[in-house]
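For reference, the chains in residue letters:
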Amino acid sequence: MGLIESTGLPGDPAVVSHASPNWVTTRLDFLMNWARKNSLWPMPFGTACCAIEFMATAASRYDLARFGMERQSFSPRQADVLICAGRLPFKLAPVIRRIWDQMPQPKWAISMGACASSGGIFDNYAMVQGIDTIIPVDVYVPGCPPRPEGLMYGILLLQKKIQGESVTDGALRADRPVRPDGLFLPAERVDELSEPFGNSVHQTRSA
Amino acid sequence: MTPAVAAGPSASVAALRAAFGPAIRRHDVVAGDTIVLVDAARVHDILAWLRDTPGQRYDYLVDVTAVEYRDRERLLEVVWFLRALERAEDLRLKVELAKDGPLAVPTCTDLWRGADWLEREVWDMFGIRFSGHPDLRRLLMWETYAEGHPLRKDFPLRGHFSRAEQTRQALGGAAEKHYSLEELSIADAMHYLPDDMRERLAHGHHGEVE
Ligand code: SF4
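Protein chains in written order, with the numbering used here: chain D, 1 to 207; chain C, 1 to 210.
Be a bit skeptical, because a hint or two may be false.
[As the list claims (entries may be wrong)] 25 Å max Cα-Cα, derived DMTMM-like pairs, lysine to aspartate or glutamate:
1) C:Lys153 <-> D:Glu195
2) C:Lys94 <-> C:Asp135
3) D:Lys91 <-> C:Glu121
4) D:Lys91 <-> C:Asp135
Calculated from the structure, these hints are not laboratory results.
Using the sequences and the hints given, assemble the complete structure.
Right, here's the structure in full:
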């Protein structure tokens, strides 16, 4: 069965989620994704040094606007992509979660830098060990901090990812709320993701 | 221009000894800075005296902090950094506290309004209470933080709880638990606040609230 049998607006995942891809949906995908990926409005969530590099990326020399990111959206309600630039302390975890929940679909997230992606060098009591334990992340940009070229490469990867999305995939745009147990991921996953690595295992107790 | 490093202790030491006698326990000079170790019971009097006595006039409180040494035998220290702005002179006051004793010193918020957050930070990080402080809540960690006082040496670097539990507590708490109600919205929060705080805010610089 195809799009013909559904009556709602095109692009509504509830309407077309059980449709299999066909000529109409793939053309529609192409058009929608092309529009979406070239008009990403970032919600900058800059908490630390990475945000400085983000600002450099957005400023004239690197000019993020070339990628359709002309407008930095400082309201989550008018944003498409959350860019977490910097470390996230536990105290800010409910804040980024609330911002994420306030962003309307379709939305994506970029985790910029080592801290946002893994806690970085801050393997301590105060720091979230990777924002993917709080919100879903689409692209991780490594580096401490990543250079503007690195962030732009991450954005290009995100655009590539968006170009591959399909309206027939209903799960894609489903919201992923905090579970009833109060976590975004199962507890074992959070613990596993937050495992110390590298030298930090030697630092768990003060000598 | 950098002032020459003073050779001897600050002149305030002799004056302090004359005024407070045995409450001044000892003094050190480290890199030109004078450090005076005093009795915890008298520290408030001494701070007030240093602030108000002509010739002393340490009118600026630079910082209040605390130290716990790696050497477990050593006592906890609370440190006050004072500066006399006019004379450009510094003085450092210290109090020693036994770790198993009551961890409390008198507040100096009545002398310097700016001590408020400094003392809250020391309470948050070290668990040292400042008796008489008008609003001794945690400053850096959120108010419902339950793992202890992070800068104490017996506090594990990654905290006491598992990462999952820490994440759960962080996510589960409403923002209202992490930020005080006055920070979120003073007008709506008024009726949650203790009487004294309400009084303070209503007549403070925060504007009119009913
Ligand atoms: S990854 Fe490096 S540059 Fe980025 S926030 Fe962390 S410490 Fe700062």
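Here's how the hints hold up against the structure:
1. Between Lys153 (chain C) and Glu195 (chain D) the alpha-carbon distance is near 22 Å, which keeps this suggested pair within the 25 Å criterion.
2. Restraint check for Lys94 (chain C) and Asp135 (chain C): the C-alpha separation of about 23 Å stays at or below 25 Å, so the hint holds.
3. Distance check on the hinted pair: Lys91 (chain D) and Glu121 (chain C) sit about 15 Å apart at the alpha-carbon level, within 25 Å; holds.
4. A C-alpha spacing of about 20 Å is found between Lys91 (chain D) and Asp135 (chain C), which places the hinted pair at or below 25 Å, so the restraint holds.
Of the numbered hints given earlier, the model fails none.
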